[in-house]
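Undergrad: Here is how the chains run, residue by residue.
There are 2 protein chains.
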Amino acid sequence: MLEIKVVALAGGVGGAKLVDGLSRILPSDSLTVIVNTGDDFDHLGLRICPDLDTVCYMLAGLANLTTGWGRKAETWNALQSLAELGGPAWFRLGDRDLGTHLERTRLLAKGYALSEVTQKFCEVWGIAPHVLPMSDDQIPTMVQSDEGELAFQDYFVKRKCQPRVTGFYFAGIESAQPSPGVQQSLSEAEIVLICPSNPWVSIDPILAVPGIKEVILDRAKRKQVIAVSPIIAGAAVKGPAAKMYLEMGINPSAASVAQHYGSQDMGGLLNGYVFDHLDAGQDQEITGLGLATLVTNTLMKTLEDRMRLAEQVIDFGKKLLDGNV
Amino acid sequence: MLEIKVVALAGGVGGAKLVDGLSRILPSDSLTVIVNTGDDFDHLGLRICPDLDTVCYMLAGLANLTTGWGRKAETWNALQSLAELGGPAWFRLGDRDLGTHLERTRLLAKGYALSEVTQKFCEVWGIAPHVLPMSDDQIPTMVQSDEGELAFQDYFVKRKCQPRVTGFYFAGIESAQPSPGVQQSLSEAEIVLICPSNPWVSIDPILAVPGIKEVILDRAKRKQVIAVSPIIAGAAVKGPAAKMYLEMGINPSAASVAQHYGSQDMGGLLNGYVFDHLDAGQDQEITGLGLATLVTNTLMKTLEDRMRLAEQVIDFGKKLLDGNV
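So the sequences go chain by chain: A and B. Here the first sequence stands for residues 1 to 325, where the numbers follow the numbering used here. Here the second sequence stands for residues 326 to 650, where the numbers follow the numbering used here.
Just so you know, nobody snuck in bad clues.
Pairs of lysine to any residue residues, derived as SDA-like cross-links and limited to a Cα-Cα distance of at most 25 Å, are as follows:
id, chain 1, residue 1, chain 2, residue 2
1, A, Lys243, A, Gln162
2, A, Lys120, B, Ala408
3, B, Lys435, A, Arg92
4, B, Lys435, A, Arg106
5, A, Lys110, B, Met467
6, A, Lys120, B, Asp367
7, A, Lys120, B, Gly370
8, A, Lys301, A, Thr66
9, B, Lys397, A, Gly87
10, B, Lys330, B, Leu594
11, B, Lys643, B, Ala617
12, B, Lys644, B, Asp608
13, B, Lys546, B, Glu636
Sample of chain B residues at the chain A side, in silico, Cβ under 10 Å:
id, residue
14, Leu369
15, Arg396
16, Trp401
17, Gln405
18, Leu407
19, Gly411
20, Gly419
21, Asp420
22, Arg421
23, Leu423
24, Leu427
25, Ala434
26, Phe446
If you want a taste of the chain A side facing chain B, the calculated C-beta under 8 Å gives, among others:
id, residue
27, Gly45
28, Ser81
29, Leu85
30, Arg96
FYI, nobody ran anything at the bench for these hints, they're computed from the structure. Heads up, the beta-carbon is just placed ideally off N, CA and C, and yes, glycines get one too.
Okay, chain A solo, but in the shape it has when bound (with noise of 0.2 Å):
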């Protein structure tokens, strides 16, 4: 096992399947996984939390590999059930993943932090990573867009992501704290891994927080900080990121994703880079940016993917550390 201090930031499926990869290949002392709570709801009377449930669903081996989100092995009657009653059953909960979130609701109220509830259910559902909500507040992504200001459920599970979007915000950001144990494990962290998620709505709201991104720009420790790229040959293997890129006016690409990261923006995130075989021509563009790259098969559709782009990703990082690039 490698003995390296990694935090990843993640969002949804793409982050969880390469955090996997890494709870696999390292010690679970040495890793810390910060996720968005963008996409966090309150819907039917219970807080939802998306990004943090599929993380832990894939951590405890619990995860519907096939839809990407929710359980596996899981019933629908619950739903149903409201649904006959004319309930509204756009947001699919099953019965299984019901559970998880009736019970975080009823230890929220009790007065739990999130990340104290998210801990209780990592230990139980025996995951081994330390497993950080970006924060304990609530800070709702809400996506700016030609059909008005929408909720982010509301635009990526209702509205099917429908509309055409002109920006983001993340609502009251300015007051957010880091959950505990963020900052402390950035500021430990050897190699910061931005996994391939969205960056305009499971990335940029954790980078967003206020002293997250301040910890990861503190190099006072020798650190590398290094992203996969969400996007290959101009699409995103998953969601609307291409989609949200096209409509911001940028071209979808691992370069674009590479520049918004190491934008001035950003402060200069980024030492290095990961991205797919198949924009290998882009690699002039990206290592002139400034930034070490890994061109690699960043597409994981296997566990043994997940497990060998994170033996890679490891292994580029350390590299990076040992000044061998």
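Given chain A's structure and the hints, the job is docking chain B onto it.
TA: Using the frame of chain A, we list chain B on its own:
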């Protein structure tokens, strides 16, 4: 079909069975059911109305006749998932049943009254009789016991009726009101039928809502008030009624229930009383209370039993109305 206005007061499964029988022999406009809501409680953030659901599921053909509560063809995945996370699983909530509670809770939070929600659900479920909660106000039944005061479901489900009861009260009943339609249906009723439900915790709460007993007692319009004994041969068919009578120092018998409803405290509510052949020996005692009696087979094991008992009870009521008893 019999053209007669009937209002039934019902609690859980015994009441639901007789109401189901009535619904099959009366025109839909003839029957109104007023259901106990003293058992209602908030659990896992959901408003749960056990008696209302038992009655509605029964009338809709959705009831689990084996358990006497919950829905048929039920699954338990949400509760299992919640229990795995350490959540409270003592109150058994099935997945299909959860859909009901989620939608009811959502509508109540939007400002609908329980009676409005119930009416909507009855329409969806194709329930012909008018089903009315006794009140739109929350009137939680409290059980006084040798272990102190217990919320009803804590006594009934969590503690499995083990504490010895010393009394009951209905919190907040002084300021509660009957739900819309309750008083009008009672004032128009020709037969008011007290179903074979627990007198202490299913029927007494209904009768204790200010304005309900008063309308029943108002005989300006000719009206017969008939109760069906929930006690057969000293035992309750289901539930703790007999145990409660014993603990309250009263012999659990058909006659005791007749005395209960016929007492001074109740204002001499009853005209007629229906009880089982097995208790025929108590007929003199019961007629001695000034009640007309019908001795028959009151145990409802089959659908035919429910319909037969319903027919006999209505026939008995008509004879009383006609002065033929």
